[in-house]
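Novice: Below, each chain spelled out in residue letters.
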Amino acid sequence: AQTVTQSQPEMSVQEAETVTLSCTYDTSESNYYLFWYKQPPSRQMILVIRQEAYKQQNATENRFSVNFQKAAKSFSLKISDSQLGDTAMYFCAYSGNTPLVFGKGTRLSVIA
Amino acid sequence: DSGVTQTPKHLITATGQRVTLRCSPRSGDLSVYWYQQSLDQGLQFLIQYYNGEERAKGNILERFSAQQFPDLHSELNLSSLELGDSALYFCASSIGAGDHSYEQYFGPGTRLTVT
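Taken in sequence, the protein lines are chains X and H.
For this note's numbering, count along the first sequence from 1 and bump the result up by 276.
For this note's numbering, count along the second sequence from 1 and bump the result up by 1072.
I should point out that these hints are in silico values taken from the structure, not numbers from a laboratory.
Do not take every clue at face value.
Which residues of chain X face chain H? A partial, calculated answer using Cβ under 7 Å [what the hints assert, rightly or not]:
id : residue
1  : R319
2  : Q320
3  : M321
4  : L323
5  : F340
6  : P375
7  : F378
8  : K380
The structure presented is a predicted model; accordingly, all values stated were derived computationally and were not measured.
Beta carbons: idealized from backbone N, C-alpha and C, even for Gly.
In isolation and in its complexed conformation, chain H is listed as follows (with noise of 0.2 Å):
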């Protein structure tokens, strides 16, 4: 067990609509690093928050978004779905803010099937 949990586990919904993955980090991690894992495109960073405020974006689609709050947890948002958009999202955490040397702790992973 990593510290780091996301809910849901598992998540299938239709073409065109919004869904929302939820993340909270291990006790003490600042960072939140969004990645999504698909067959196509193998594991790609999409975005990473620091003590709330966006700190780095990689290959993010502008139909997706995030946030990372108060209490550190963070929700990433993805609207418009494709089929396409079928992955498994991963959560990680690390100590770490602009430095990416802190080893990152990923999260469980939510299966995300568009149909």
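The shape of chain X in the complex, shown without the other chains (with noise of 0.2 Å):
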């Protein structure tokens, strides 16, 4: 079975700084896609970024971007110019021939 592991449980930046948020997964699957979803405190889940496993390019959304590697089987979310409003939980998430796998996510709280 699939597997994503989020190390982090909590971590803090400072407004405008950058921030990079962990993700392991464990799959035996060649086909897959990994996403990252905000949840703030409105309980919401708002997808932030989405990765195709074939694509060797980095996925980027304004001031989101992923370092995807593969053969790591790692996926880390970067957080450039940190607001206010990106304190939120964050969960890591897999899909293949299943539905999302998530992991257990990682509290970001924006300090300013």
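Since each chain comes alone in its own frame, lean on the hints to assemble the complex.
Specialist: Right under this line is the structure:
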């Protein structure tokens, strides 16, 4: 079975600084997709970024980018120019032949 | 606003009771997924329906069941409720069927409290 591990339960960053959230996964599938979801205090699940495993190029979405290391099965999220509105739980997720498998999440606090 | 609606927002009930959670997917989406978010287990996939048919099953208890209706809305039925069933239940929808690469749009969730 696929597993997703987020080793940082909590992190904090100063406003305008850069922070990186870690994620590793385990799978024997060759074709899969990786996601980062954000869950702010409102509890809404919001897709931040998506990466196809067959693409070598790292996905970017404005201030959010990933470092996808397929051989190492690593998928970290970098948030640049952190804003107060980035304060949230961040979940790394995997999907292949099964629907989303989530990590336990990292609680990110952005400090003014 | 994701376009996915869930009702009710909050539900408080007693152990042993039965409840029904409702979800309407985004316009055009044929797949509905149900997830459970609890402090103990984190976010877990329960079940997926595609165009009225069950497509994938996850860690769904036998006391739980779901269905998707011809108008594509879905209901999750939870019976013989236990304290441990207290959780946030999310519905998500997507265009895809067996291919889970499509983006899933999440509803606001239903907060279930079992007392």
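Novice: Can F378/X be said to touch chain H, with a Cβ gap under 7 Å?
Specialist: holds (4 Å)
Novice: If you take the shortest Cβ to Cβ gap from P375/X to chain H, is it below 7 Å?
Specialist: holds (5 Å)
Novice: Once the shortest beta carbon distance from R319/X to chain H is found, is it less than 7 Å?
Specialist: OK, holds: R319/X within 7 Å of chain H, min 6 Å.
Novice: If you take the shortest Cβ to Cβ gap from Q320/X to chain H, is it below 7 Å?
Specialist: Holds: closest Cβ of chain H sits about 6 Å from Q320/X, inside 7 Å.
Novice: Does the closest beta carbon of chain H sit nearer than 7 Å to the beta carbon of K380/X?
Specialist: Holds, about 5 Å.
Novice: Quick one, is the L323/X hint okay against chain H at 7 Å, beta carbons?
Specialist: holds (6 Å)
Novice: Can the hint on F340/X be confirmed by a CB-to-CB distance to chain H that is less than 7 Å?
Specialist: Where the cut-off is 7 Å and the nearest Cβ of chain H is about 15 Å from F340/X, the hint is violated.
Novice: Any CB of chain H closer than 7 Å to the CB of M321/X?
Specialist: Nearest chain H Cβ about 4 Å off; hint holds.
Comparing the model with each earlier hint shows a violation of hint 5 alone; every other hint is respected.
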